[in-house]
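These protein sequence lines are chains A and B, in that order. Residues in the first sequence are numbered consecutively from 1, following our numbering. Residues in the second sequence are numbered consecutively from 397, following our numbering.
Simulated from the structure, these hints should not be mistaken for lab results. Don't take each hint at face value.
[As the list claims (entries may be wrong)] Computed, partial: chain B to chain A, Cβ under 7 Å:
1. 412
2. 415
3. 416
4. 428
5. 527
6. 529
7. 596
8. 677
9. 678
10. 765
Ideal placement from N, C-alpha and C gives every residue a C-beta, glycine not left out.
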Amino acid sequence: MSPAVDAAELRRRTRDLLAAHPPATTDRTDFLKARFDAGLAWVHYPEGLGGLDAPRSLQQAVDAELAAADAPDNDPRRIGIGLGMAAPTILGFGTDEQKRRFLRPLWVGEEVWCQLFSEPGAGSDLAALATRAVRDGDDWVVDGQKVWTSSAHAARWAILIARTDPDLPKHRGISYFICDVTDPGVDVRPLRQITGEAEFNEVFLSGVRIPDSHRLGPVGEGWKVAQTTLMNERVSIGGSRIPREGGMIGPVSRTWRERPELRTHDTHQRLLTLWVEAEVARLTGERLRQQLVAGQPGPEGSGMKLAFARLNQQISGLEVELLGDEGLLYGDWTMVRPELVDFTGRDAGYRYLRSKGNSIEGGTSEVLLNIVAERVLGLPAEPRNDKDVAWKDLSR
Amino acid sequence: MTARTEPQPQPATPDLLYSQDEEDLRSAVRALLADRAAAPTVIAATEADTPYDPRLWEALATGIGAAGLLVPEKLGGQGASHREAAVVLEELGRSVAPAPYLTSSVVATETLLALAGDGGPAAALLGELASGARTAVLAVPFATPPADPAAALATLDGTVRGIADAAVADVLLVPTAEGLYAVEATAPGAAVEPLVPLDLTRPLATLTLSVATGTLLAAPEASATAVERGLLAGAGLLASEQLGIAEWCLTETVRYTRERHQFNRPVGSFQALKHRMAQLWLEVVSARAAARNAADALATGSPDAPLAVAVAQAYCSGVAVHAAEECVQLHGGIGMTWEHPAHLYLKRAKADSIAYGSAGTHREAVAELVELPAP
Ligand SMILES: Cc1cc2nc3c(=O)[nH]c(=O)nc-3n(C[C@H](O)[C@H](O)[C@H](O)COP(=O)(O)OP(=O)(O)OC[C@H]3O[C@@H](n4cnc5c(N)ncnc54)[C@H](O)[C@@H]3O)c2cc1C
């Protein structure tokens, strides 16, 4: 497939967009809608769905040109699950109607998405999930409980996986749905977390009716569809260029330079080790980015989440310690329900506690190490006893 | 030192990939080493009196033209760069082949390159090194870091201990208070005494000079700059050798643990082992980015080169040692035998972690360069 548009054509279209909708005088949402309609939202998506069938690598040039013109962006922190996970899944498995209905408001940020995957009894072993979806005419009726659902309180839509056939082995009896979070059967309750705030939620589903037209992919193929979502969740790092000291190492390095009275020999040694590791992780991400641009994607992506989770935790831990007396304090324990997921904001104590989630959310570090070992290195899987057993017969 | 609040200056984006030419060079070197430096050959060579196989060196240096990669064509070299030399070192690390590449074709060559601008004896010697006809080493202890070249001899009289590859070098580049001299290994008053090295694949020797004679290549100041440049290139490209060592160790460990059965399962299916190998993989992938960054910074003469080198050394030394230690452990009893090559990699990795400055020394350099001063 030869690309429909090249870099020069994209530049021309970007300039046309800016001329027709000057950022200074155009409403933010209107601008984003116009950008989507011009095919400059994600240029590798199809025409009519926010893209132009262009090579993915050309997006950067468009983004840079728009940023230089001070155009509004679609704050990926607020709509990360929609952008990073729901969108590629809908694009890959959705009907034309679903693509047209959901992608534009998703990208513009008018509709926030959440992910109803994890359950109290199914986290790492996601395919063990117990939430049921039973066919009733043109609808499915869903009952069950989801947990640790980030941003469900701010979301309009959810991607949801549920069991549609308990008589099949666990991976085969699952289907994938788009769930309307404003449905009266959906009860979202704040789940307060380690930081004091409630970024995630418990979600109770009772008699939720989902029209069959909101199913993604065939009945019983939900696990396959979910693989696309999970792959995109884990490999979402590496797309952007990080400046030196761009991550967690930035604040602690600045503190070190500005507050000589805090320095000790022990923290100096640890800071230098972590500074080097953070710089190497940055370079590894940059190398991954260059591979993607060159059209030679490597498996490095699966390692980046592991690396950043460990670094974030070690660096923020060092930062609390470096602060001494101040490290004994915490900004604010008030229970709030933030709209944004924010890893680096607030103070050192917050960063320390929030970073603990980095090695759990989106697949634990242990599970990611399994994936690297088996899929990248080709090491044998551990023997398992749940493959050919009907889900209903598994011990729980 | 004043505190600074502005963000760090950002270097130009380095090219961290391999070009097609570099991949072609890699294939040629790898094929040669598979042919001439297979593990049993290397093990046998460590017990022979001649530390190097002259035919291997000739094929690598002259046949492939690797010795002259850093040298401009007008001085008799290939006019390539540190990026290509780094690829050669990855392969030499992967095979732990004994060859004076790092010491002669990188460190001595780079030192001479700083002095060869206006022709003269440095340029002439450079041509000989580039063709692989002769080899030279910088006569400083192998552990000397770039930022702090060891105190030079006062004159061509005295002793320098622990020089890598001195035993096989034709010429010794000796920094003294009077400047940099080229001393023929066979010159009267020069004696090279082999030592018993930890790393059997890279001989060490002590040089004793008693009123020896040599050719003056540079005045003291130019000498210091040239030596520093040679050591910086050595430290930076050593990271690629360390990457090659780590890669071999990981690949072999994965291969072995997939095949070795205990408890009626391949031992590589036990999660305790899988996680360790996955962790190593991540370290190897990261070491590659760090090593490529150093090679690219040296190749482009980037002002970021000292930091890129210090970061690469501070990181890659540990990765190579970790990979080699895991390789021995996960091979079990076989890993402890003289027959299995794992020990060659462990010895090379551990020696490399001291060569051209330890990780700790390079972290101190980082502290200086990015202004994170000690208390
Ligand atoms: C901040 C945060 C936000 C989240 N947001 C969402 C969300 O929006 N939507 C959503 O669906 N989920 C979300 N999650 C849930 C997350 O995906 C799960 O917590 C995660 O997959 C782990 O599952 P679990 O909590 O059941 O732990 P468990 O699977 O019970 O794991 C317990 C421990 O056992 C280890 N373990 C489990 N299996 C293995 C194995 N095979 N080998 C080795 N070790 C193993 C784990 O690593 C862990 O250490 C979020 C979690 C957090 C912390």
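Tested hints:
The restraint placing residue 412 of chain B at the interface with chain A holds, with a minimum CB-CB distance near 4 Å, inside the 7 Å limit. At a threshold of 7 Å, the smallest CB-CB gap from residue 415 of chain B to chain A is about 11 Å, leaving the interface hint violated. A cut of 7 Å between beta carbons decides the hint on residue 416 of chain B: the least distance to chain A is about 11 Å, and the hint is violated. Checking residue 428 of chain B against chain A: minimum C-beta separation of about 26 Å lies over 7 Å; hint violated.
Interface restraint check for residue 527 of chain B: the shortest CB-CB distance to chain A comes to about 34 Å, outside 7 Å, so the restraint is violated. At about 37 Å, the closest approach between the beta carbon of residue 529 of chain B and any beta carbon in chain A exceeds 7 Å, and the interface hint on this residue is violated. Checking residue 596 of chain B against chain A by beta carbon gives a least distance of about 29 Å; that is not within 7 Å, so the hint is violated. Annotation: residue 677 of chain B was flagged as interfacial toward chain A, and the flag holds, the nearest CB pair being 6 Å apart, inside 7 Å.
Hint status for residue 678 of chain B: holds, given a least beta-carbon distance of 4 Å to chain A, under 7 Å. Against a cut-off of 7 Å between C-beta atoms, the interface hint on residue 765 of chain B is violated, since the closest Cβ of chain A lies about 11 Å away.
Of the hints listed earlier, those the structure fails to meet are numbers 2, 3, 4, 5, 6, 7 and 10, in rising order.
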